[in-house]
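Participant: All chains, full assembly: derive it from the sequences and hints.
If you read the protein sequences in the order shown, they are chains A and B. So the mapping is simple: the numbering used here equals the position in the first sequence, first residue as 1, plus 93. So the mapping is simple: the numbering used here equals the position in the second sequence, first residue as 1, plus 313.
Derived from the structure by calculation, the hints contain no laboratory data. Incorrect hints may have been included.
What the hints assert, rightly or not - Just the calculated beta-carbon pair ranges, DEER-fashion:
| # | chain 1 | residue 1 | chain 2 | residue 2 | range |
| --- | --- | --- | --- | --- | --- |
| 1 | A | Leu299 | B | Gln498 | 53 to 63 Å |
| 2 | A | Trp280 | B | Gly379 | 51 to 61 Å |
| 3 | A | Thr111 | B | Ala482 | 39 to 49 Å |
Unchecked claim - To be clear about the criterion: a stretch of chain B counts as covered by chain A if any three or more of its residues have a C-beta under 8 Å from a C-beta of chain A, and this derived list gives those stretches:
| # | stretch |
| --- | --- |
| 4 | 333-347 |
| 5 | 406-420 |
The beta carbon of each residue, even a glycine, is placed where N, CA and C say it ideally should be.
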Amino acid sequence: MSVAPKNNSSSDDSKALTTSALTKDLISTAIITLLVLIPIVAMKTVIGQGIISIVYRFGMAFALTGIVVGTRLFLHLFVWHKAPSAGSKSTLTSGLKSVSFSETITKYIAPGLLIFALLFPVFTFFHPIWDKRVMDLAVYILIYIMLGWGLNVVVGLAGLLDLGYVAFYAVGAYAYALLSTVYFPQWFGTGILPWAFYITLPVAGLLAATWGVVLGFPVLRLRGDYLAIVTLAFGEMIRLVLVNWFSFTNGPQGISVPKITFFGLPFKDAPGSFSDFFGIQFNRIHFYIFLYYVILTLALITYFVTKRLRRLPIGRAWEALREDEIACRSLGINTTTTKLTAFAIGAMFGGFAGSFFAARQGFVSPESFVYIESALILAIVVLGGLGSQIGIVFSAIAIMGSFELFREMDFMKVVLPSGTEPIQFRMLAVGLAMVLMMRFRPRGFVTKREPTVFLKEKKSVSGDLVAEGHG
Amino acid sequence: MSEILLQGKGVETFYGKIQALKGIDFEVRKGEIATVIGANGAGKSTLMMTICGTPRARAGTIVLDGKDITQMPTHEIVHLGIAQSPEGRRIFPRMSVFENLQMGATVDKLRHFDEDLAKVFALFPRLEERRNQRAGTLSGGEQQMLAIGRALMARPRLLLLDEPSLGLAPIIVKQIFAAIKKLNQEEGLTVLLVEQNAFHALRLAHRAYVMVNGKIAMSGTGAELLKSPEVRAAYLEGGH
Chain A
94 MSVAPKNNSS SDDSKALTTS ALTKDLISTA IITLLVLIPI VAMKTVIGQG IISIVYRFGM
154 AFALTGIVVG TRLFLHLFVW HKAPSAGSKS TLTSGLKSVS FSETITKYIA PGLLIFALLF
214 PVFTFFHPIW DKRVMDLAVY ILIYIMLGWG LNVVVGLAGL LDLGYVAFYA VGAYAYALLS
274 TVYFPQWFGT GILPWAFYIT LPVAGLLAAT WGVVLGFPVL RLRGDYLAIV TLAFGEMIRL
334 VLVNWFSFTN GPQGISVPKI TFFGLPFKDA PGSFSDFFGI QFNRIHFYIF LYYVILTLAL
394 ITYFVTKRLR RLPIGRAWEA LREDEIACRS LGINTTTTKL TAFAIGAMFG GFAGSFFAAR
454 QGFVSPESFV YIESALILAI VVLGGLGSQI GIVFSAIAIM GSFELFREMD FMKVVLPSGT
514 EPIQFRMLAV GLAMVLMMRF RPRGFVTKRE PTVFLKEKKS VSGDLVAEGH G
Chain B
314 MSEILLQGKG VETFYGKIQA LKGIDFEVRK GEIATVIGAN GAGKSTLMMT ICGTPRARAG
374 TIVLDGKDIT QMPTHEIVHL GIAQSPEGRR IFPRMSVFEN LQMGATVDKL RHFDEDLAKV
434 FALFPRLEER RNQRAGTLSG GEQQMLAIGR ALMARPRLLL LDEPSLGLAP IIVKQIFAAI
494 KKLNQEEGLT VLLVEQNAFH ALRLAHRAYV MVNGKIAMSG TGAELLKSPE VRAAYLEGGH
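Facilitator: Written out as structure tokens, the structure is:
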């Protein structure tokens, strides 16, 4: 189901994109697609018992229309109306002018997203069918947004390519698992158990940060490909240790851990539980809504801490390190500590997320921390635009959301080989999306870098103005 | 004569097995402009980098104002008051001009930031015009000005300049050298200048060294070397 670009939009792509023109175009696209789809998709003839009957499949027709319109919107926003067109790239002023349109959008995008995220669970009350599956998906996406923001410190800001980020996620998860099931009961008695998550969280972050430094030391002199290989190996090492150190980690069988509680009140249909304490009807959704707000809080902490760090000398040193290590040293920046803090802080956020993951799941096993997770988190960061925090939100929603969509797309079975599920093709789709991104938007969704400090006026320059890979 | 600020004795530097500096003796006195000229591959930039500690000298000593800095890590050397505008400028392309200058003030911990910023902008008004622009979008000359400005933000006692004229139009080269002269005369800044553009460098220099194959082949005042027939034949006539 491909969308052919219309002549008018491809010929004058330098024309500014107005909202009304875009809406008009999308509506006409939807109408045309529906007209085409109704006879060929919405009505299917079935031969049975000598007569031909018609089976209606409007849902599928609408779904396909949705895909077509969505694709067209994507092409409009990111491909056909790319900010500075090829011809006008040479002059600086045209580049600056074209940024202003997207600049006004970005001004409202972050607060808008925040409000949406805060109110999101409220929507579920009005849509009973959404219920806990949607909340669970939202929690899942938020974990990856948080991991993306954490990895962004290492890869996006400090420019250190880390392919083993999942190791810190694993350290966080196992820190919670082992402390809450083995050590806390031993040290403080079982009364501590409902509070385990809250006590372990900082410990898990600290442990992960320590491991970040442990990884950081041997790789201080490495950059680029070499660093990537060593971090990749580190990630695998952690996983293999978890698999093989049976007496400590229970090996591949994993560990069952207590789930998160509402500050000591468990979520269950029993006296002394959350619903009992507040005198409300027990409902599983409370658990998911609470999980949602916990991970939202953690993710927002990650966001604001990173944002703040970027303005501090250490954050600027990270960015300078990414730009040019030799220049950094000649300006008196201690590159050793700069790199180690980047590793440690990135790892710490990974540890927080891992600890939360274990408390949500109620179970940890090495299987959750395979290499593909690292690759996925890295893909989120790269797709979002290295260093851009808002871009990561969009790419995490796009990747994780599309994974979930694949589960739903039963109609795809029509075109897929028999015996296969759409979900099995998800990595293929991510790969394709990556290739397309690299072709059409090589710097990711959000390519601009906001200066952390500015004199008199704030102005950011489009990434398209600087040579690829260098600027 | 004023006191010695930087002194090197028998400095030897290796890249693996290859010896790049074969026992260099040099000195830079307070308030003067010293220059090192020489052909490609003579070891000029290596000398510059060795002073800054990457790579470190394998033999010999480098002393800054009575303190041995030979084996110190780069960032500590910089904290002692040596600022460098490295070869190829090495500005931070994705950061704004202003942020680049701010990075330069790392050593100073932004204590005199506004004052120093005003000085740099007075020296290079072009930078003020472009203060919020991405450094990568500057022209070559402006990038060089930024690299020098960034080094000045550290309030150095000694400014190392590695080929500031590299790849620049003659008129820009003149501006850059005028700025260096101004810094030296008005602020009393000590400068060690590595250059291929021997004519400009020697005219400016109080003290000059000619490097050939990792050794100092000649030394003297800038004016002396400018008159010397060997230097004229090798570096000033034909070609330049």
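Participant: For which of the previously enumerated hints does the structure constitute a violation, in increasing order of number?
Facilitator: 4
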